[in-house]
Every structure is written in structure tokens, then in C-alpha cells.
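K.L.:
Go ahead and model the full structure; you've got the sequences and the hints to work with.
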Amino acid sequence: MNILILNGGPGDARGAACREVAGMVEGQARSKGWAVAVFDLAGLEIKPCRGCFACWLKHPGRCVIKDGQEAVLRTAAAGDLQVWITPVTFGGFGSILKRSVDRLLPNILPFFVRIDGEVHHPQRYERRRRLLALGTLAGPDEGAERIFHGLARRNALNFGNAAVLSGIVYEGEDRTAAAGRVRGLLEALGEER
Amino acid sequence: MKAAKDGSGAMRKALLLVGSPRGAKSASRMLGGYLMGKLEAGGMETAEMTAAAALQSTENQHRTHKAVDAAELVVVAFPLYVDGLPAPLVQALELIADRRKGSLPASPVAGPRVQRVAAVVQCGFPEARQNEAALAIVRQFAKEAGFEWAGGLAMGMGGAVTGKPLDKAGGMVRNVVKALDLAAAALLEGRDIPEEAAALMGKRLMPTWLYTFMGNRGMKRSAKKHGVLAQIYAKPYE
Numbered sequence: 000m001n002i003l004i005l006n007g008g009p010g011d012a013r014g015a016a017c018r019e020v021a022g023m024v025e026g027q028a029r030s031k032g033w034a035v036a037v038f039d040l041a042g043l044e045i046k047p048c049r050g051c052f053a054c055w056l057k058h059p060g061r062c063v064i065k066d067g068q069e070a071v072l073r074t075a076a077a078g079d080l081q082v083w084i085t086p087v088t089f090g091g092f093g094s095i096l097k098r099s100v101d102r103l104l105p106n107i108l109p110f111f112v113r114i115d116g117e118v119h120h121p122q123r124y125e126r127r128r129r130l131l132a133l134g135t136l137a138g139p140d141e142g143a144e145r146i147f148h149g150l151a152r153r154n155a156l157n158f159g160n161a162a163v164l165s166g167i168v169y170e171g172e173d174r175t176a177a178a179g180r181v182r183g184l185l186e187a188l189g190e191e192r
Numbered sequence: 000m001k002a003a004k005d006g007s008g009a010m011r012k013a014l015l016l017v018g019s020p021r022g023a024k025s026a027s028r029m030l031g032g033y034l035m036g037k038l039e040a041g042g043m044e045t046a047e048m049t050a051a052a053a054l055q056s057t058e059n060q061h062r063t064h065k066a067v068d069a070a071e072l073v074v075v076a077f078p079l080y081v082d083g084l085p086a087p088l089v090q091a092l093e094l095i096a097d098r099r100k101g102s103l104p105a106s107p108v109a110g111p112r113v114q115r116v117a118a119v120v121q122c123g124f125p126e127a128r129q130n131e132a133a134l135a136i137v138r139q140f141a142k143e144a145g146f147e148w149a150g151g152l153a154m155g156m157g158g159a160v161t162g163k164p165l166d167k168a169g170g171m172v173r174n175v176v177k178a179l180d181l182a183a184a185a186l187l188e189g190r191d192i193p194e195e196a197a198a199l200m201g202k203r204l205m206p207t208w209l210y211t212f213m214g215n216r217g218m219k220r221s222a223k224k225h226g227v228l229a230q231i232y233a234k235p236y237e
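Residue numbers (numbering that gives the first Met the number 0), protein chains in the order written: chain E, 0 to 192; chain G, 0 to 237.
Because the hints were derived from the structure by calculation, they are not lab data. Careful: at least some of the hints might be erroneous.
[Said to hold, decoys possible] Think about it this way: if two alpha-carbon atoms lie no more than 27 Å apart in a straight line, the pair counts; the simulated DSSO-like pairs of lysine-lysine are: (1) G:Lys24 / G:Lys234; (2) G:Lys202 / G:Lys163; (3) E:Lys46 / G:Lys234; (4) G:Lys202 / G:Lys177; (5) G:Lys24 / E:Lys65; (6) E:Lys65 / G:Lys163; (7) E:Lys65 / G:Lys224; (8) G:Lys219 / E:Lys65; (9) G:Lys202 / E:Lys65; (10) G:Lys223 / G:Lys65.
[Said to hold, decoys possible] Just so you have them, the derived chain E footprint on chain G, three or more residues with Cβ under 8 Å: (11) 68-81; (12) 116-122; (13) 215-223; (14) 228-234.
For each residue, glycine too, the CB sits at the ideal point set by N, CA and C.
P.N.:
So, in C-alpha cells, the structure goes:
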């Protein structure tokens, strides 16, 4: 099992909860013998997507911007499980994670296909992959959490994931309980075939 | 047209924040710009900026905060990026929210007491409903940053209208024009964007089969023009 962890927490104190969650995922994945690649996105230079579609129509599969995202794209292409970690931001992903996620476009194809009655793009790399989205919040927020879980399901559909789970870790909560919940989500996705 | 003023006698102001990296040439700018034109015709003073420009420098960030402070209405117009907002727009909204929540120094500019946020989002998929999560994110931003939510408009098949001014794009966009006209009328009166406008905006511009057929053909033609049709399925990372 190849696992890609994208930690989208800020590099300063505001990203502490995300770093803890990334550490939990990495430790648990390694204990299962999975191959793990971790990207702390705040420390990488990743420019925003220009929306030029050159990755589809000029040099298929490659982004015109040469920066830290190239390694993310390469690892994502070979990944079985992607774990996205972010402060829940207005219910969605924070800008640090979103900058990298927006630039996963080269790994999908330009054409339209119908999937479950909706139009989507097929994947460039056929692989039965899974997605785990983990958000951190200062405390429970029903509205933001609902948006976050719904967004993860939409992302899974658009990136052709065979399975998706999402979870929230609260900044002040007991870390043993949080680690147990993260382990449960990882194991559930690890067993998916 | 008589200038619209708020209760204090000041000019009512609307700010358009464009989230597309393509800026002035984008479909988002075209849709938001049309709405701004209607608000201006109704007597509001309008201003616009792109999210990318808002982030460019400390000075631009300050200008953004000042413009937001002064606006009675902030309209966020953007393309759907991976089911959400483009990253620079998320970052601009993070900055605005952080400051309004008091984690950054407050601006000395006193703004209107009630400020509202509305959204216009378009995606390249045929189904307008694919924009739902993105609209929910802007609504949540409004709540967290202390704005009132004035509603949103979401359209699919955005690829079909790119580059053409709405008033010259013909009958295909008649429902989009009606939706924006209805939204502008409501916003000028301080009402939320009506359901009728949202429903009109969400109507398909053409049958799905035709849109996807034309889209797929257009992609192949463009790849051929660039000499990469044979490599369109390339897997450079395998």
C-alpha cells in the first residue's frame, strides 16, 4: 500500500493540530508496513493553478509550472491512498492544501464521461485509489463539518476514488481518542479492495 | 439614474471580488461584471479586484480590506476548482475573515453597519449542482466573517460562454441574463437573491449530450493544434 499524506496546515503555531494528525497517520501507516510519503505543503513552494489547461492540451500530464507540486503529482500517480489534512476553512480546505489539490489536474484527462448520472473527467492513471480527508477545528461546528464531509465525497467522485472517508479532529480533544478515530478510518480504507 | 444612498446619506457601494486566475478575461469576470453593471445602473457605486491582485502585496491587502470595509455588498465571482474555490480566493477570504475576527489589526475605515456577501459560481461540467459545495463554503465564510448571506447563483456549462460579453452571447444565455437581472434588482432593494434567479441560472444552456460532444471534440482539436493528440493519454509519471 502506497500512501501519500498532504499536510495543509500552516507552518506556524496555527498548524500544530494538523502536524499532530499527520504524525498520527504517518506512524500508524508505517506500523502497518505501508510505504509512506509525507508532504508538508506549507514548506514547499507551490504556486496556484493558472487555469491554462496546458497540462491537458499542450504537454499532456505535466504542469507548465515547475515547482514543489511536481513531486506531489508523481507520488499521487502511484498512490493507493491519499490523506489530505487541513484546518477546516469555511467548511472547506485551507488555502495551503487547496493550492496543491487544485494542481492535481494533470493527473486527470480532459474528456467528459458520465459517472453515476453526472459528468466528470476520467483519471489519467487507472488505479483503485482511496481518499481520506482529515480536518482540524477549534471545536464542534455542525455547519462547517457537514460542508467538509460533503466536499470530501465530491472530491472522491471527481478524482475517481473507489472509497472515501473523512473525519474531524478538535484542537482541544483527548489525543488518544483522536488517534483511535484516525486509526479506525485508516484501517477501514486499508481493508477496501 | 438617481444615485443610491444608504441611511447616512453615503453612496451605496458594491465590490466584485473575482476569483479566477484568468482575471479580466474570465467567464467569472464576465458574469460578475454584468451584475455589477446592473447594480451601477441602479445607482450603486461599484469597484472590482481579483483575488490574485488582492494578495500581491501588503499594500494591496490593505486596499482590499479598505474596499471590503466600505462595501455594503461584496460579490464573489469564481470558477469551480476541484469542487471548491480557487486557492487564491480561499487565501483572500482567509485574510478578510481573520481581520474581521480581530486576529489582525482593524482598519480605521468605518464601514456600513450591515454588510452582505453574494456569490456567482460557474463550472465546466453541465450540472449546476456540482457547484453546491462551493456555494456552501462562501455562505460559511459570510457567517464566520460577520457578513449577512445574500444568496448565490450557480451555473454549469461555463465553458460554452467564455470570452463572449453576455449581452452579445445570444439566446443561449437568455436565462443567465434573466437570472442576473433578477438578482441585481433584489440586491438593490436589499433583498436576498430570489429562488427564481437561482433556478434560471441553473438551467442548462444546451442538452448535456451536445455539450459533452462539443467539449470532447474541442479538446481533441486543441490537442491536435498543439501537435499532442497522440500523447493526450500520456502517463509521464508511470
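K.L.:
Taking the hints in turn, state whether each one holds.
P.N.:
These are the hints, each one checked on the structure:
1. G:Lys24 / G:Lys234: Status violated; Cα separation ~31 Å.
2. G:Lys202 / G:Lys163: holds (19 Å)
3. E:Lys46 / G:Lys234: Holds, at roughly 22 Å.
4. G:Lys202 / G:Lys177: holds (11 Å)
5. G:Lys24 / E:Lys65: Holds: lysine 24 of chain G and lysine 65 of chain E sit about 24 Å apart, inside 27 Å.
6. E:Lys65 / G:Lys163: Outside the cut-off at roughly 32 Å; violated.
7. E:Lys65 / G:Lys224: Holds, at roughly 24 Å.
8. G:Lys219 / E:Lys65: holds (25 Å)
9. G:Lys202 / E:Lys65: Violated, at roughly 39 Å.
10. G:Lys223 / G:Lys65: Violated, because 47 Å separates the two Cα atoms, which is more than 27 Å.
11. 68-81: Contact hint for the region 68-81 of chain G vs chain E: holds, 3 residues under 8 Å.
12. 116-122: Since three or more residues must qualify, the claim that chain E covers the region 116-122 of chain G is violated, with 0 doing so at under 8 Å.
13. 215-223: With 4 residues closer than 8 Å to chain E, the region 215-223 of chain G meets the three-residue bar; holds.
14. 228-234: holds (count 5)
Violated hints, in rising order: 1, 6, 9, 10 and 12; the structure is consistent with all others.
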